[in-house]
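Novice: Sequence:
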Amino acid sequence: MAVLSLGLEIPAFGASAAVGAATLGATRIELNALGSYSEGGLTPSIEDLKQFISASHQRPPLRIMIRPRGPPSMNSSSGASGVGERDFRYSDEEFGNMEASIKAFKNTGQLDANLGDGFVFGILEEDRCGEGEDRARGQRCWVDEERCVRLVRAAQPFKCIFHRAFDEIVSCDAPPSDRLARPSWETGLEAISACGFDGILTSGGLGKAIDNVETLARIIRRAQTLRIEIIIGGGIRTVNVGEITQKLELRTRSESVYLHSACLRGDGSENIDYEEVQGIVARVGSTLKDAQPATQIDFLSPQ
1 MAVLSLGLEI PAFGASAAVG AATLGATRIE LNALGSYSEG GLTPSIEDLK
51 QFISASHQRP PLRIMIRPRG PPSMNSSSGA SGVGERDFRY SDEEFGNMEA
101 SIKAFKNTGQ LDANLGDGFV FGILEEDRCG EGEDRARGQR CWVDEERCVR
151 LVRAAQPFKC IFHRAFDEIV SCDAPPSDRL ARPSWETGLE AISACGFDGI
201 LTSGGLGKAI DNVETLARII RRAQTLRIEI IIGGGIRTVN VGEITQKLEL
251 RTRSESVYLH SACLRGDGSE NIDYEEVQGI VARVGSTLKD AQPATQIDFL
301 SPQ
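The sequence shown: position 6 = 6 (the numbering used here), numbered continuously.
Please note: incorrect hints may appear among the correct ones.
[Stated by the list, open to error] Derived lysine-lysine pairs resembling DSSO-like cross-links, with alpha carbons at most 27 Å apart:
#1 Lys106 - Lys50
#2 Lys103 - Lys50
#3 Lys159 - Lys103
#4 Lys208 - Lys247
#5 Lys50 - Lys159
#6 Lys106 - Lys159
#7 Lys159 - Lys208
What the hints contain is simulated information worked out from the structure, not anything from laboratory work.
Work out the full structure: start from the sequences and follow the hints.
Specialist: Structure representation (structure tokens):
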């Protein structure tokens with residue numbers, strides 16, 4: 001009998017939210033700065049990490065977001081706009097801050113590589129040819145391999161996940177000129193593997209996972225051959241998670257699969273909704289069991 005292991009990764013914003021996510025049954029937690037949900041998650045403070053660890057006697061693996069700022073359009077006064085309008089492109093100063101943050105978190109001695117702790121980040125390059133609006137945001141983008149390798153090495157021995165910067169690559173019109181014969185996401189996936197990343201958080205392109213299931217399915221198949229874990233995120237809620245898992249035919253897979261959902265309440269806060277967490281777990285289990293009785297569903301438990 002095939003065994004499909006499912007996990008629920010919850011991005012938490014601040015130490016208190018992370019403690020709540022662990023209590024509610026998150027299989028894994030992505031720790032972000034308090035108040036950064038609207039910017040897609042930013043680097044938390046060292047104090048956030050220490051508070052979470054001190055309050056958690058038996059915790060799930062922790063992934064720390066390394067992201068110095070949100071999209072440039074949200075930070076026009078920060079001076080970052082000179083880098084370009086595409087997200088996940090960083091100045092030398094910002095990159096230096098990312099590298100320093102990884103080293104600072106490691107130096108706390110609070111992380112456990114054996115538990116599966118790690119870091120989440122992504123850096124892109126893009127072409128700058130053209131004029132006017134075309135130059136303001138290059139039409140083609142790819143992994144900044146040199147910088148990513150430096151951060152992966154700085155993070156060792158902890159795991160590294162390539163953030164949703166990958167979705168920018170998927171949505172690019174074309175890869176660099178020497179790669180025109182292949183889809184941009186495929187060359188991007190191979191570059192991410194070559195950099196030493198352990199996984200990718202993706203919705204299969206810009207937007208929500210439910211709108212990108214065909215591309216997601218192709219990405220998952222290729223990632224399996226590269227031994228890269230795919231974490232499916234982007235608008236995953238109780239109302240659509242069953243449809244997503246069914247369309248991706250997850251019941252036919254024997255590797256572990258992670259679903260990434262903030263499970264936030266609908267009140268505009270960064271508070272986690274217990275019923276949403278339980279609803280996702282129940283809906284996924286029900287969908288997969290109904291679709292494939294011969295598959296054993298093992299919803300991963302926190303460590």
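Novice: Run every hint past the structure and note whether it holds.
Specialist: Status of each hint after checking the structure:
no., hint, in the structure
1, Lys106 - Lys50, "holds (12 Å)"
2, Lys103 - Lys50, "holds (15 Å)"
3, Lys159 - Lys103, "holds (14 Å)"
4, Lys208 - Lys247, "holds (14 Å)"
5, Lys50 - Lys159, "holds (19 Å)"
6, Lys106 - Lys159, "holds (12 Å)"
7, Lys159 - Lys208, "holds (25 Å)"
No hint from the list above goes unmet by this structure.
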